[in-house]
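Number of protein chains: 2
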Amino acid sequence: MISELKRFLIGRPLKSTELGEQKINKTKALAILSSDALSSVAYGPEQILLVLVTISATAFWYSIPIGVGVLILLTALILSYRQIIYAYPHGGGAYVVSKENLGMYPGLVAGGSLLVDYILTVAVSVSAGTDAITSAFPSLHAHTVGIAVFFVLCITILNLRGVTESATVLAYPVYLFVLALFILIGVGLYHIATGQVSPTLHSPIGTPVAGISLFLLLRAFASGSSALTGVEAISNAIPNFKDPAPKNATKTLIAMGTLLAILFSGIVWLAYYYGIAPKDEVTVVSQIAEQTFGRSFMYYFIQGTTALILVLAANTGYSAFPLLAVNLAKDKFIPRMFTIRGDRLGYSNGIIFLGLLSIILIFAFKGKTEHLIPLYAVGVFIPFTLSQTGMMLKWIREKPTGWLLKLIINTTGALISFIVTMMFFLTKFTQVWAVLIFLPLIIILFHRIRKHYDAVGDQLRLATCEPVKPIEGNVIILPVAGITHVVENSLNYAKSLSPHQIIAVYVPFEREDEVVFEEKWNKWQPDVRLVTLHSPYRSIINPLTKFIDTVQRKASESNYQVTVIIPQFIPKKGWHNILHNQSSLLIRAHLLYRRNLIITTVPYHLKK
Amino acid sequence: MISELKRFLIGRPLKSTELGEQKINKTKALAILSSDALSSVAYGPEQILLVLVTISATAFWYSIPIGVGVLILLTALILSYRQIIYAYPHGGGAYVVSKENLGMYPGLVAGGSLLVDYILTVAVSVSAGTDAITSAFPSLHAHTVGIAVFFVLCITILNLRGVTESATVLAYPVYLFVLALFILIGVGLYHIATGQVSPTLHSPIGTPVAGISLFLLLRAFASGSSALTGVEAISNAIPNFKDPAPKNATKTLIAMGTLLAILFSGIVWLAYYYGIAPKDEVTVVSQIAEQTFGRSFMYYFIQGTTALILVLAANTGYSAFPLLAVNLAKDKFIPRMFTIRGDRLGYSNGIIFLGLLSIILIFAFKGKTEHLIPLYAVGVFIPFTLSQTGMMLKWIREKPTGWLLKLIINTTGALISFIVTMMFFLTKFTQVWAVLIFLPLIIILFHRIRKHYDAVGDQLRLATCEPVKPIEGNVIILPVAGITHVVENSLNYAKSLSPHQIIAVYVPFEREDEVVFEEKWNKWQPDVRLVTLHSPYRSIINPLTKFIDTVQRKASESNYQVTVIIPQFIPKKGWHNILHNQSSLLIRAHLLYRRNLIITTVPYHLKK
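These protein sequence lines are chains A and B, in that order. Every letter in the first sequence is one number past the one before it in UniProt numbering, and letter 312, counting from 1, is 312. Every letter in the second sequence is one number past the one before it in UniProt numbering, and letter 327, counting from 1, is 327.
Next comes chain A alone, as it looks inside the complex (with noise of 0.2 Å):
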């Protein structure tokens, strides 16, 4: 029944030479590769505004200097990415970088940060396109949790299918997004200049505002640069572009960055004029959106197109996380699972796995898109700060042709990456501290993991010289419960194996059965020695392998090897097991932990 379901959900499975590549072209790429960082507009300028508003309202129209300040910070990541793009054109991810520049600590730091923080894409990214949604049905406010965990399902379910990231469908809604705000921040601005919005509603640039401080300025400004997650994902997907790859990537990085600027400046422009506060049960896009449109068409269109966008954006942690995941399992890192493909080709572990994470963290922040962003940031920040340093070191060490200027652009990026991250730190200490706890456990756990396996690895391979001695000879116990067909068949068995050096044990609690069941065997199987283990504590376990390990020494002097056959009951119906005591399978559980014991199960299958 649950393969059936399975396959209801999951569909029929795939050969694995239906495993293909398309090579996209630019227009698609953009949209595909985009999703995450333009869909971080919905929810990076409220940041600035929630910090703001704890001064005052009047603070509000610090939002525009800071504003800029992300501007110049995303002008300075798209040229350093520029740079990884033609650096490495197989797919330069923050992991890959850092490993190879830096060493391998680095790039495990630069990993788990990524592993956690495409969680927290999904978790973050789901929870913003449900308060999109809740924001235009407040009526549904209440809900937050259940709508984000249900879209998380319907991802992980559409991933295990098999989305491909290159479905022209997941295309569509990108550029609808970029449309809907397109129009939006262009009406705002017909509004604004025809007049048709009160000036009075914002406090002019340059007012002074009383117990502004630069540490809360900086706290707006790290807070405004998550609205810069996600320009990454060009870097990583340069081998998916169509000839020449690095060319075409550059391009639709530089179409990216223009977009997300413009939307990000549209949006923080509106906000300040219009005088939006932040509120807890409606975005400030909607708030926008309201204000300008009413609750007409056009209103419901920009926040159906942005749920959407950020649902899309989720299911891009859906295509990074397992593929990192495999890179870090190749490397031994974490556990080989990660690189099995499945029934349709994609690497269900990891899909199903960054499932259940982002639902536990979307359960834990209950769908509190505010307070998820922090950690999210600081992790797109620490892999950011990591590749650009990487970055730096390659430059030094090579020395192309022009690496200065190479050099100056990328330490530029890796010292303002450095900075907001440091800021998070400084600012918000109480909501990302988590991280310097986990990402040192995370490393750990890696090194650990790699660890265990090279010794495996060690202990398995063959050393070619020596084989290893062959057995001379096999003892065989056989521990029997009665004289039914279940052991008559266990014997018949053993008896093919080894007919001379079978041991039957019974283990009786009272003296009495001992006697009656010992004559009762040498009447029936007189050949077969059988041996009794009086147990006064109602233990089978217990006599038995002290009885097995005195078996074990003796016929290890002679290099015999000792196996003990398990009869198992096999009932025809499920249920039919809990009306039987497990004795099998517990004594199995056992003795499979005891050195070179081996084991063999004989079924007995009942008819009816």
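The hints are simulated quantities; they were obtained by calculation from the structure and are not laboratory data. Treat each hint with caution, since some may be false.
Which copy? The list can't say, so a pair holds if one copy fits it or any two copies do.
[To be verified] With a straight-line Cα cutoff of 25 Å, these simulated PhoX-like cross-link-like pairs (lysine-lysine) come out:
| # | residue 1 | residue 2 |
| --- | --- | --- |
| 1 | Lys451 | Lys330 |
| 2 | Lys330 | Lys607 |
| 3 | Lys495 | Lys554 |
| 4 | Lys6 | Lys451 |
| 5 | Lys546 | Lys607 |
| 6 | Lys251 | Lys573 |
| 7 | Lys573 | Lys546 |
| 8 | Lys368 | Lys332 |
| 9 | Lys366 | Lys279 |
| 10 | Lys332 | Lys607 |
| 11 | Lys546 | Lys495 |
| 12 | Lys607 | Lys469 |
| 13 | Lys469 | Lys554 |
| 14 | Lys572 | Lys366 |
| 15 | Lys242 | Lys451 |
| 16 | Lys247 | Lys546 |
| 17 | Lys368 | Lys279 |
| 18 | Lys6 | Lys469 |
| 19 | Lys607 | Lys554 |
| 20 | Lys330 | Lys428 |
| 21 | Lys330 | Lys520 |
| 22 | Lys495 | Lys279 |
Add chain B to chain A, keeping to what the hints say.
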């Protein structure tokens, strides 16, 4: 670690021979066996008032005639059970009496009701005990369920350690409770006699009451008869009495009946005279005690002993349930695991099962005693009716001297019990309908379990004549995943069993892999046949089982046995298991359910 926790909570294992039987004298027997019955007065009278209060406080005087009715019922039951004691000196539980005299199905109805009933005994007694505590300390009222569950856990652990019913320490609370209630009733009556209680608190007997109906009175009577639950306990425990057992048991029974009658009448009378109305958060006994003594030492003494005797009454469920379960399991109506004595010689499975189910009941009914009682009472009166009816048939069949009187007594008992049962169904249907569904389900389950055990017995019994055909030889299939020490180890074992009939099976996912592996193998083990099964769908199980099918078909033609050897990787630490794809376990689980296939696990223990 789990086993250490178990050792700490439950204690060291005991030898079977440490199981001794202790005979107990009348005084102790009275205390130990009547805790269930006597404790019922803590909630019985309240149940009458709970029905009457639905009309008006004026109707409370009806509790007096209803109380008289309950006393008549008590007398009939005591007389009937007196006869059961003499007729079944080895213990006349309702299951035994019904099964012997009425046949299997009535026996099962009685047995099934009793099983459920013992669970309810625990739930009701513990809930009522918790009520006694929360009446004294109202601030605890919010934690009713928590306190009740805590009590159940304590009693369960104590019983797993092996508290025998005969522990002298258990006798004190019963006598203290009787003493406490005697003082309460005595002082209450003295206050009334000396005119310290205003006679205007209650309406005189005979006052006409608007809206009273026969239906309501019957309902109140049925509710009140819940005070009689537990009177059967002595008749089940006759073998524990000192000789002459039946005579001593009878005397104890009559003493218990007398005590119960006095306590019940006293409480009913005081409640009536004081004009006490049942309250949600304070029990009737607590109200009487407070009115008589104020919140003095005596008040807390009464509440304390009430709580104690109720917890003790729950404990009687723990001795009765496992014993009944053993009887039913010996008759093959419930799983055999209920017959196994645990480390401390108690029937652990029964004890744990009882504890779990009563906790579930407490949660389901939120610890509300008055909602549990109707189910409890029905569960008691069904077996009462059946065992009395059984006795009727016994007298008619056997006709001993003076059988007519005996017949009349048991007939009266059966009739009254039957009427009370019917009253529950007629007047409290909304609360007891579940019995009509669960009881038949339980009987069907009993029946199917019995059928299964019988079928298994038939299949296992050795037909003495024909011995099984010996196995001619063994074919060994060895799934391999690479060329490692693990495979070498298993192959070495396989060679010791059947050197010339080994087939190594390799399941590659890619065509290229196939060729490479075959070459390597032929260099390494040129003597061992290798079969490669290319699996385009990346499943190991499917191609392997198909291959095994083919081999089995051929092997069976010449009476060869097929064995699959599965190498199993045993890492040094438990958590390492997650780092290895558990293909061995999966393969084993799949193959075990195939007919006639023997599965051998060759463990390979990692050293680091």
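Hints, one by one, checked against the model:
For a Cα distance limit of 25 Å, the shortest separation of Lys451 from Lys330 inside one copy, 14 Å, qualifies, whereas the shortest one across copies, 54 Å, does not. Taking CA atoms no more than 25 Å apart as the test, Lys330 paired with Lys607 passes between copies only; the shortest distance there is 23 Å, against 47 Å inside one copy. When the C-alpha separation of Lys495 and Lys554 is checked against a cutoff of 25 Å, the pair qualifies both within a copy, at 21 Å, and between copies, at 21 Å. In this homomeric assembly, Lys6 and Lys451 never come within 25 Å of each other (Cα to Cα): the closest approach is 36 Å inside a single copy and 35 Å across copies.
In this assembly of identical chains, Lys546 and Lys607 lie within 25 Å of each other by CA distance solely across copies; the values are 23 Å between and 35 Å within a copy. Proximity of Lys251 and Lys573 under a CA criterion of 25 Å is satisfied in neither setting, with 64 Å inside one chain copy and 51 Å between copies. For the identical chains of this complex, Lys573 and Lys546 are inter-copy neighbours only, at 23 Å across copies versus 35 Å inside a copy, given an alpha-carbon limit of 25 Å. In this assembly of identical chains, the alpha carbons of Lys368 and Lys332 never lie at most 25 Å apart, being 35 Å within a copy and 57 Å across copies at closest.
Proximity of Lys366 and Lys279 under a CA criterion of 25 Å is satisfied intra-copy only: 17 Å inside one chain copy versus 40 Å between copies. Taking the shortest Cα distances, Lys332 and Lys607 sit within 25 Å of each other only across copies (19 Å), while inside one copy they are farther apart (47 Å). Taking identical chains as interchangeable, the C-alpha atoms of Lys546 and Lys495 lie at most 25 Å apart only when both belong to the same chain, with a minimum of 24 Å there against 28 Å between chains. Within a single copy, Lys607 and Lys469 get their C-alpha atoms only as close as 43 Å, which misses the 25 Å cut-off; across copies the closest is 19 Å, which meets it.
In the homo-oligomer, the alpha carbons of Lys469 and Lys554 lie at most 25 Å apart inside one protomer (17 Å), although the nearest pairing across protomers, at 32 Å, exceeds that limit. For a Cα distance limit of 25 Å, the shortest separation of Lys572 from Lys366 qualifies neither inside one copy, at 47 Å, nor across copies, at 40 Å. For the identical chains of this complex, Lys242 and Lys451 are neighbours neither inside a copy (40 Å) nor across copies (70 Å), given an alpha-carbon limit of 25 Å. Proximity of Lys247 and Lys546 under a CA criterion of 25 Å is satisfied in neither setting, with 72 Å inside one chain copy and 51 Å between copies.
Taking CA atoms no more than 25 Å apart as the test, Lys368 paired with Lys279 passes inside one copy only; the shortest distance there is 13 Å, against 45 Å between copies. Taking identical chains as interchangeable, the C-alpha atoms of Lys6 and Lys469 are never at most 25 Å apart, the minima being 47 Å within one chain and 43 Å between chains. Only between protomers do Lys607 and Lys554 lie at most 25 Å apart by alpha-carbon distance; the minimum there is 23 Å, versus 40 Å within a single protomer. Neither within a single protomer nor between protomers do Lys330 and Lys428 lie at most 25 Å apart by alpha-carbon distance, with minima of 36 Å and 68 Å respectively.
When the C-alpha separation of Lys330 and Lys520 is checked against a cutoff of 25 Å, the pair qualifies only between copies, where the shortest distance is 23 Å, while the shortest distance within a copy is 59 Å. For the homomeric pair Lys495 and Lys279, neither the shortest alpha-carbon distance inside one copy (80 Å) nor that between copies (75 Å) is at most 25 Å.
In the structure shown, a violation is registered for the earlier hints numbered 4, 6, 8, 14, 15, 16, 18, 20, 22, in ascending order.
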